[in-house]
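Undergrad: Order-wise, the sequence lines are chains A and B. So the first sequence is numbered by the numbering used here: it starts at 1 and just counts up by one. So the second sequence is numbered by the numbering used here: it starts at 1 and just counts up by one.
No lab work stands behind these hints: they were computed from the structure. None of the values given here were measured: they were computed from a predicted structure. All C-beta atoms in this analysis are idealised placements derived from N, C-alpha and C, irrespective of residue type, glycine included. There may be inaccurate statements among the hints.
Covered, in the sense of this in silico footprint (three residues per stretch, anywhere, with C-beta under 8 Å from a C-beta of chain A), are these stretches of chain B [stated by the list, open to error]: (1) 149 to 155; (2) 200 to 208; (3) 211 to 221; (4) 325 to 338.
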Amino acid sequence: MAALSEVLVEPPVGVEPTTVDLSTADVRALNGALHAPRVAETSPRWRVLHPDGRHSIAVGLDAEVEVEVDGHVGYYCAGMNKAATVTINGNAGVGVAENMMSGTVRVRGNASQSAAATAHGGLLVVEGSAAARCGISMKGVDIVVGGDVGHMSAFMGQAGRLVVCGDAGDALGDSLYEARIYVQGSVKSLGADCVEKEMRAEHLAELAQLLTAAGMDADPAAFARFGSGRSLYNFHVDNASAY
Amino acid sequence: MNPGPRSPALPPDPTLRESATFDRRTIAEIQRAAETGIYDIRGGGAKRKVPHFDDLLFLGASMSRYPLEGYRERCDTDVVLGARNATFPLHLSTPVTVAGMSFGALSGRAKEALGRGASEVNTSTTTGDGGMTPEERGQSKHLVYQYLPSRYGMNPDDLRRADAIEVVLGQGAKPGGGGMLLGQKITERVAGMRTLPMGVDQRSASRHPDWTGPDDLEIKIRELREITDWEKPIYVKIGATRTYYDVKLAAKAGADVIVLDGMQGGTAATQDVFIEHVGIPTLAALPQAVQALQEEGLHRHVQLVVSGGIRNGADLAKCMALGADAVAIGTAALIALGDNAPGLDAEYRALGSAAGFYDDWQAGRDPAGITTQDDELASRLDPVQGGRRLANFIRVMTMEAQVIARACGKAHLHHLEPEDLVALTIEAAAMARVPLAGTSWIPGQGL
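Build out the structure end to end from the sequences listed, making use of the hints.
TA: Structural data, given as structure tokens:
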């Protein structure tokens, strides 16, 4: 692995970000530097140049650092993120913020499929649209999408909130557990055991909080809420056709 | 599952003829299905008789081969797993490892016992669907952390705490299938670890949520390496089906270790029809895996761990001879802890089963306190004593394999080779690719 000094384009000065140019440094060196002990104290801000679709950028972070990536990223950017704030000034490939535990990941462009898959916590903001399976098996994360989401989004979602400011594709919330879904636009179809639910005051309040946290300008009252019908929680032969 | 009639007792009237197609077990299952409207779910692996390692024999040394002196000359058993890419591969004293089994399917004390037993003989144990428990981590010197489609309990702290990571694509009992932990085992602790409501039937996905196919797997493996700074070996576990191709693809995707699980491998809870009718026997799969690695120039560089019906030192030695680097035991490990103990027969019978037949591991009412989340039942298993029993069993397996290896003139279990083996049946000869005993004929490879 390259030493940290080999990774740096510019040494950190004051509050200036530590800059890493991936046209000359490799991802392994970048991640190794981001995993360094006491990184939040020594280099709290990072800027990554020329990501050029590389995979696994800024994965496994476990510190309160801010990472700004200037360009498009490949698979699993910010995967398993804890505590860090990662901003992608571009589009994100498959599985952005997969299994995130905490922190914030913001995609300025669009996200490919399986955004925030299985994520346990934190906030993922996709300012554009997210493709299929957004929030698949989500386990507590909050996801706010400025545009549309693709088919099978929140499939088997266990916990957390998915907010869609645009439209949702086919089979939204299929086999849902306890995740909650808010959609402002149209829903092409609901998945098995996903049902529309009453929008009560507490839901309007939590949605307003989520939209504010994501920096989205939308009226909570324009959204519909969806959740689990809980009819598939325990297998019964009479429901066999739903599986 | 009720054991039902095991061996055909004499019919009351000798003129009565039982159908080979509609025998009593088949009739009983049709009647059960008609009555309940649901398929049979059980634990364990395939119960049907399939070609297995009992169908192979070793050719001990004689005139043309020199044996090693038992009790005097060394026969080593150590194995290193995962040195291909990892900074810290696993150095084990025996090639017998403990297979992945979840907390949830097993009690916390059972997981602790597995960790204690494995650590006592310096081998590894493995988590399962549902995450890593402190008891298990605390008692396991070498702990392999499974990365499953459901990602229940998956978190980066445990990933960093693990000694190796096992990406699970499937298991021998149900290749292509997900899982189902029935609601009665989803206690408050299990539900909390899996982020689920208590008492629901926990469904596990059959496909990973964020990758599909070998090209994606390569990227996923790379991500796991990046998260853990390239320190941990990455295993890939597959259920035995299209083994030749799966092993090639897994190796090319970057796996350090491939775990191959045959159809006799156990499960916590799966449909009986799935267990018995999907997948291939361990014996049939192993030579395919070795061939695939050899063709890639990766045999012994990517280690091969074989599981599914491994019961004793002879099975271990035969796996070594066919090209495996290690084996994993699951069902045998549970039996070593006390599963199906004869002393519990009356309690098994009260559950509609019997000692030696009990496979309702999904039900959570295990009198041995192993496959349960009931505190009273779980307290029956002493993890210290259970660990000691497992360690004893692994020692015996290892010593048995050494006895065979010395008789074949081998100073290390890994020196055993196919040339040391013959087969008792044409089927086993064809699958294992060794000659039928007393001949030089390997079916499928000409005369």
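Undergrad: Against the earlier hints, flag every one the structure doesn't satisfy and list their numbers going up.
TA: 4
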